[in-house]
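Number of protein chains: 2
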Amino acid sequence: MSNFPKLGILGGGQLGKMLCQAASEWHLPIYVLDRDENFPAAPYATVFQHGDFRDYEDVMAFAHGLDVLTIEIEHIDTRALHELEKTGVKVYPQPAVIDLIKDKGLQKQFYADHGIATTDFQLFGSKEEIIRAVNAGAVQLPFVQKTRTGGYDGQGVSVIRTRQDLEQRLLEGPSLIEDLADIEKELAVIVARSATGEVKVFTTVEMEFHPTANLVEFLICPAALDGDTDGRASKLAVDVAQKMEIVGLLAVELFLTRDGELLVNEVAPRPHNSGHPTIEACATSQYEQHLRAILGLPLGDPQLLRPAAMINLLGEEGSRGPTRYQGWMDVLAIPEVHPHLYGKAETRPFRKMGHLTALGDTVAMARQRAAQAKSLLRIVAAE
Amino acid sequence: MSNFPKLGILGGGQLGKMLCQAASEWHLPIYVLDRDENFPAAPYATVFQHGDFRDYEDVMAFAHGLDVLTIEIEHIDTRALHELEKTGVKVYPQPAVIDLIKDKGLQKQFYADHGIATTDFQLFGSKEEIIRAVNAGAVQLPFVQKTRTGGYDGQGVSVIRTRQDLEQRLLEGPSLIEDLADIEKELAVIVARSATGEVKVFTTVEMEFHPTANLVEFLICPAALDGDTDGRASKLAVDVAQKMEIVGLLAVELFLTRDGELLVNEVAPRPHNSGHPTIEACATSQYEQHLRAILGLPLGDPQLLRPAAMINLLGEEGSRGPTRYQGWMDVLAIPEVHPHLYGKAETRPFRKMGHLTALGDTVAMARQRAAQAKSLLRIVAAE
Chain A
1 MSNFPKLGIL
11 GGGQLGKMLC
21 QAASEWHLPI
31 YVLDRDENFP
41 AAPYATVFQH
51 GDFRDYEDVM
61 AFAHGLDVLT
71 IEIEHIDTRA
81 LHELEKTGVK
91 VYPQPAVIDL
101 IKDKGLQKQF
111 YADHGIATTD
121 FQLFGSKEEI
131 IRAVNAGAVQ
141 LPFVQKTRTG
151 GYDGQGVSVI
161 RTRQDLEQRL
171 LEGPSLIEDL
181 ADIEKELAVI
191 VARSATGEVK
201 VFTTVEMEFH
211 PTANLVEFLI
221 CPAALDGDTD
231 GRASKLAVDV
241 AQKMEIVGLL
251 AVELFLTRDG
261 ELLVNEVAPR
271 PHNSGHPTIE
281 ACATSQYEQH
291 LRAILGLPLG
301 DPQLLRPAAM
311 INLLGEEGSR
321 GPTRYQGWMD
331 VLAIPEVHPH
341 LYGKAETRPF
351 RKMGHLTALG
361 DTVAMARQRA
371 AQAKSLLRIV
381 AAE
Chain B
1 MSNFPKLGIL
11 GGGQLGKMLC
21 QAASEWHLPI
31 YVLDRDENFP
41 AAPYATVFQH
51 GDFRDYEDVM
61 AFAHGLDVLT
71 IEIEHIDTRA
81 LHELEKTGVK
91 VYPQPAVIDL
101 IKDKGLQKQF
111 YADHGIATTD
121 FQLFGSKEEI
131 IRAVNAGAVQ
141 LPFVQKTRTG
151 GYDGQGVSVI
161 RTRQDLEQRL
171 LEGPSLIEDL
181 ADIEKELAVI
191 VARSATGEVK
201 VFTTVEMEFH
211 PTANLVEFLI
221 CPAALDGDTD
231 GRASKLAVDV
241 AQKMEIVGLL
251 AVELFLTRDG
261 ELLVNEVAPR
271 PHNSGHPTIE
281 ACATSQYEQH
291 LRAILGLPLG
301 DPQLLRPAAM
311 INLLGEEGSR
321 GPTRYQGWMD
331 VLAIPEVHPH
341 LYGKAETRPF
351 RKMGHLTALG
361 DTVAMARQRA
371 AQAKSLLRIV
381 AAE
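Line by line, the protein sequences are chains A and B.
Quick note on full-length UniProt numbering: the first sequence kicks off at 1 and runs consecutively.
Quick note on full-length UniProt numbering: the second sequence kicks off at 1 and runs consecutively.
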């Protein structure tokens, strides 16, 4: 498109797909690199390049001729990105920021070094080290263990409450442990920061987790918070983004403790599950905002125009095979319900197959519509 | 996508593109037939089939294996569509309805036969016949002449006010002439009717035309009407859709005369320029609504959630060549402004290169934002 830059995305999952959809409004050409032409972004990318975004050579070859490179997942090998950045390709978020965030140990250390409130933590090289520390009385139960790298969608997190958990549930490899926060609510705030330093922040959302799958089950927007807490949440999230000097989106997950403290749990340097409702509910979606930030365009108005509730559409427990949607017609009969399907050909238990945003005059109405949709739609394997 | 039907669209222009974008939310596979891989819909179609939707053989070959076929333009040869309908392919809108609408003579006759208010008209076989009728005193100046077929985007319409116009401006071929209505406002109402007979109607919009290009320049939603007139406009539009028994969208253009009468000007059996603001402003966009209607799904909630103003982004007068956007950054700095670019590689004077919808707390605010954007953005040929 004449005077637009060429933009590449590492990763062709649902976040990549939704970036492509946002880009389609401006007919912006998008190049996507991933391993499988059946991945969600493939039909909506201008060019879908087959390759592995974890592979140095594949990334270097992919980036040839592109002006701007971004990611939809932070669990990548950033060596090629550092190399490309040196040659003048704009890589946003910056490889150094990705390195910082994808290692939860470095991420926590960053908060400690920059005066950003987070749960107390300690780093360990192996699970044996943790056991020794507990046995020596240096660590008290209960605690949360998180692997330093590779955690995603509830993977890489283990809650250790008892001696039995300590024997059976500790995860292998370098990890951190942190205090089990006394959580009243889990919140998320998405901040956009552009190459010019302009910053805009989306409305705080509140997350409820599925009791067993450790995935967000229900997300409401705006979060039910008093004005002071809400203001502090936004301010804290902006503070993290500015201190990291990220270019692009930063999704900041927060704990609100029972005594009113706000703690940074973790961050993601990209569009985020908790930002899906921005597509229908906000003046600018998180996807368009990310494009604006990394392309050096003015950031869009993030204001929430309508209360929203979002559910992830997960593959049914115990069902695995070719995807089939049940109850689709009934879901579409509910007003202001927007299902998004990612086109994954195979369903698996708790796999993210899509999401659904419901709007309403009030949060309660939006939530009731989302809950109704949830009760009607099943994603199962075809028989 | 597992249990979804295979849908084909005849035509790969901007309306086809926006149908593809709507379908992308559900990851619905879309097959598009058109002559040029550089057309707007091509990057967003699941399969873009090169061919001519006016060619019988091309349409028959394209439709092989598809379950549902629709159009984004009514100026097509419907012979193949009639043939396909007989073999059980669902063709929506129905070929008989397309035949009726694409001939403005038949369309007007339909209104006359079904008691639908429209301007008085007469049919003529050639421009010479019209001249003879004027000379014989059977037709009075002024009048509007419209060619029976092929009119589009202001083409095929001529206003004849004087003897000189009669000599110089009459169009060739079969045409109709109608009274020059004493127009206070031009309105449009989009109705959706599904295969089950369910009907939903979008909010009435008001159109302002460019003084020379005979294209809609400014569209505001909702139209400034008293409740009675608004209700009559909706009712009239629904009446036309029901009497035509169309399946899909019907865009009904209306004249509101200075004495408060509502007259049907013409209709289009597809998504319509006047429905672009539904993308951001309504609970369901016209594009999604069309998909729902032709796929036999429940129709979506059409309610207007926010006042909107829309402008067409036209190629600058006197400029022709490779497209270049000027003022893009400034436009993106205006809140709640949503530009849509169609990706047309070549600009021409008054060519529809995109559109832009602005939202606001009030129509006045939305309109002011759209006007500001209009003053900033230029689409010119690269030098």
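Just so you know, not all the hints are guaranteed correct.
The list treats identical chains as interchangeable, and a pair is accepted whether it falls inside one copy or across any two copies.
[Stated by the list, open to error] BS3-like, lysine-lysine: derived pairs with alpha carbons at most 27 Å apart:
#1 K200 to K185
#2 K235 to K6
#3 K374 to K200
#4 K6 to K200
#5 K86 to K374
#6 K86 to K185
#7 K352 to K6
#8 K243 to K90
#9 K86 to K235
#10 K352 to K374
Source of the hints: derived by calculation from the structure; they are not laboratory data.
Computed from a predicted structure; not experimentally measured.
Review point. Checked against the structure, which of the hints given earlier come out wrong?
Key: Result: hints 2, 5, 6, 9 break, sorted rising.
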